[in-house]
Amino acid sequence: MGLVTIIWSMIPSACLTLAAIDFLTWWKNRKAHAYLLFSLLATSTAAFAFCELWMMRAQTPLEFATVLKWGHAFVWVLVITLVGFVRVYLKAGRPWLAWTVCCLRTLALFLNFLTGQNLNYREVTGLRHISFLGDSVKIPEAVPNPWMIVGQLSLVFLVIFAADASITAWRRGDRHRALTVGASTVFFTLVSAGQSLLVFWGIARMPIVATLSFMGMIAAMGYELSGGAIRAVQLDRQLLESEAGLREIEERMTVAVEAANFGIWVRDLARDEIWATDQWRALFGFPAKERLEFDDILRRIHPDDRDGFRLALKKAAESNGRYEAEYRIVLPDGEECWIDSHGRFEFDGSGKPVILRGVSLNITARKEAERETQILRQEIAHVGRVSMMGQLASALAHEINQPLGAILRNAEAAELFMQDPSPELDEVRAILADIRKDDQRAGSVIDRMRAMLKRHDLAKQTVDVGNLVGGVSALVRTDASVRHVKFESIVPANLPPVFGDPVHLQQVLLNLIVNAMDAIDGGNPEHKVVSVTVAFHRPQTIEIAVSDSGPGIPANALAHIFDPFFTTKPNGMGMGLAICRTIVEAHKGMLWAENRSEGGASFRLTLPIAKEGATK
Amino acid sequence: MTETSPVVHVVDDDVSFLTAISRLLRAHGYTVKTYSSARAFLTQRDPEAPGCVLADLQMPEMDGLHLQSALADNPNPIPILFLTGHGDIPSSVQAMRGGAEDFLQKRAPKEKVLDAVTRALARDSREREARERQRELRARFAMLTERELEVLAHVVQGQPNKQIGWNLGIHERTVKLHRTAITTKLKVQSVAELTRLTQEAGIFPPTDHTFPKGQ
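These protein sequences, in sequence, are chains W and V.
For the first sequence, the residue numbers in this note's numbering are 28 to 643.
For the second sequence, the residue numbers in this note's numbering are 627 to 841.
Just so you know, the hints here were simulated from the structure itself, not pulled from any lab data.
Note that the coordinates shown come from a computational prediction; the quantities given were computed from them, not determined experimentally.
Hints are not guaranteed to be accurate.
[Unchecked claim] Rough simulated footprint, nothing fancy, chain V against chain W, three-plus residues with beta-carbon under 8 Å:
no.	stretch
1	435-446
2	459-472
3	497-509
In this text, a Cβ means the ideal position worked out from N, Cα and C, and glycines have one as well.
Make a model of the complete structure from these sequences and hints.
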């Protein structure tokens with residue numbers, strides 16, 4: 028068997044193999060048009076190679092001419108797919124050049140069928156034997172067809188188009204593709220066009236061997252495309268590695284999660300499936316393998332907290348996706364646990380929540396400690412109030428005796444009036460009205476006292492600062508007058524309310540005012556002033572200042588006056604200001620002291636105003 | 627204004643108690659005037675009119691004790707008694723030391739309050755009378771000449787005329803003439819009466835020194 032037979036059998040088989048592989052690749056991924064185009068390109072090359080071999084083995088001139096004529100159909104496919112491939116694969120090339128190539132080639136195909144015996148020869152007159160690659164092959168003796176120039180022209184434009192596209196790709200930085208696809212297209216097209224030109228115009232005496240150079244081009248392109256397969260292998264290896272890494276991370280996370288006693292859960296909203304770690308299941312009292320339903324989980328939550336949790340989820344789904352909630356759960360055996368739950372929704376492209384991931388933590392111990400601290404704090408606050416009311420006791424007794432005395436005197440007067448045979452009933456009526464009024468007055472003092480002496484849980488509500496200051500003023504006014512202290516309060520109108528516990532806040536004010544009066548006790552009796560000034564610092568802070576005209580706070584004491592057990596009073600416990608600060612901080616406010624430039628000390632506290640929603 | 631009916635002046639910043647106590651006192655037949663502050667009372671009072679003051683101890687600005695000391699400085703003092711919602715020991719001691727008629731709780735029994743008012747009014751009229759008499763005596767003593775006063779000083783010391791004459795370097799008969807003038811002007815009959823009047827009028831302030839009784 029001659030070398031020609033071997034080569035021209037190998038070319039189609041190689042091309043067809045590549046075509047088959049790339050066709051399958053395209054079949055798996057229909058969007059990868061480059062693979063389909065390459066497959067067509069390789070197939071048409073194989074077909075034309077077959078034609079070439081047939082021509083070399085032709086028996087009659089007519090057979091030769093006919094094979095060449097039909098071979099041009101494959102050349103047409105080859106050129107068109109080549110243009111398409113360059114355009115798709117390099118993502119470059121001017122459209123008008125591409126259209127020019129396609130149109131010229133199509134015109135050449137028409138001329139192939141309409142003029143002469145084919146595009147290249149007007150007439151093949153005879154066949155000659157020559158020796159090629161050590162084999163005996165046929166070459167034609169023929170009259171060239173001048174229309175052949177159209178086909179040649181299409182190849183010239185193909186070269187220009189491919190060169191232009193390569194340059195564009197090269198400039199863009201896509202150098203590898205520009206070299207393998209662009210440059211090989213240009214080079215091999217030039218070679219095959221040049222060879223066939225010499226053959227068809229009868230200058231070189233050899234058979235048409237265009238597919239040899241096309242084969243070179245296809246090899247370059249096939250190598251380029253097979254890069255994808257190589258990359259896939261690499262990705263696969265990386266995937267394996269990263270899977271191992273992921274497993275490691277998961278292991279580490281499990282260790283951390285177990286140590287922290289977190290329970291993790293994921294809810295797939297689309298598939299309505301819930302996955303949870305073993306810790307989570309243990310926390311919520313679900314068996315390890317049982318399928319989880321969201322409603323079952325909700326039923327575990329304490330009825331009082333259920334709606335709050337639902338609301339938190341709803342809010343999160345409608346806003347940034349994050350939620351945070353603290354709620355109680357009731358386990359099947361009746362045990363109650365506090366859970367701290369954080370989580371995040373994941374949204375799809377249209378903003379619809381698809382996955383909810385959450386972390387749950389058992390915070391029962393913390394809650395218990397918090398509750399104990401709170402009870403202790405209330406206990407201390409209560410002791411503080413009782414001891415303060417003790418200090419005010421004599422002033423308050425006076426405050427109550429005043430109306431009681433009036434009641435007694437009025438009653439005695441009325442008795443006398445009634446002894447009269449014709450008593451003045453109008454006078455008696457007026458007396459009775461006064462008695463009622465004074466009784467209410469005494470009652471209100473007792474109510475205020477009782478509120479301060481009662482053991483009392485921190486119960487926040489909206490509080491009017493004016494009323495707050497007014498109530499405290501009523502308690503201290505008598506004490507101030509006994510001590511010859513001028514007490515004044517300045518409260519602007521239309522203050523927004525604050526959110527807090529009125530009894531605790533009154534305790535703070537009372538403590539600060541009594542302290543202020545203590546501070547000026549020894550001072551100049553002509554100028555003893557304690558003032559309470561309220562100011563609204565927009566947008567959301569109310570400041571209350573309790574100032575005195577005393578000697579001020581010594582510099583070395585200023586840093587310690589809020590420390591527990593720090594006192595300058597001979598009988599002081601040193602808890603008053605410490606309690607005050609604790610109370611103010613529990614209201615998200617601040618309490619501090621400063622000396623005024625005009626003399627005396629000023630204690631200032633800030634409270635945030637109640638949020639819109641809390642005002643009603 | 628009638629000088630005959632004494633007035634009970636009630637001073638208290640607590641208007642409600644003020645009304646109540648004045649009702650009670652009026653029902654018991656007293657004439658009552660009310661003031662809601664010590665200053666109001668001091669500016670409105672008629673110093674000549676008889677009466678007493680019933681004041682609250684704790685009042686803003688001028689309290690009961692300040693009112694008491696202001697009244698004490700007055701040439702025509704008026705008895706004061708205190709009513710307090712809740713009195714403390716130091717202020718009650720100070721009040722009594724300052725000559726208060728009484729120091730009572732506002733809810734003290736009616737009888738105690740009325741008693742105290744009665745006592746205060748009686749004391750006022752007594753003191754008023756004493757002041758009147760002293761004023762009249764002083765007018766009588768004012769008629770004596772320098773020399774007559776010198777003689778009187780010796781007479782009330784119990785010296786006989788001869789010794790007085792000797793001491794003053796005048797004749798015994800002259801002393802006698804002076805003594806007659808003195809008894810006539812002062813309208814007294816005996817030496818004993820003369821001595822009592824002299825003492826009552828407080829003509830010789832350092833009497834302790836001049837009396838020989840201590841020897």
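Earlier hints that do not hold, by number: none
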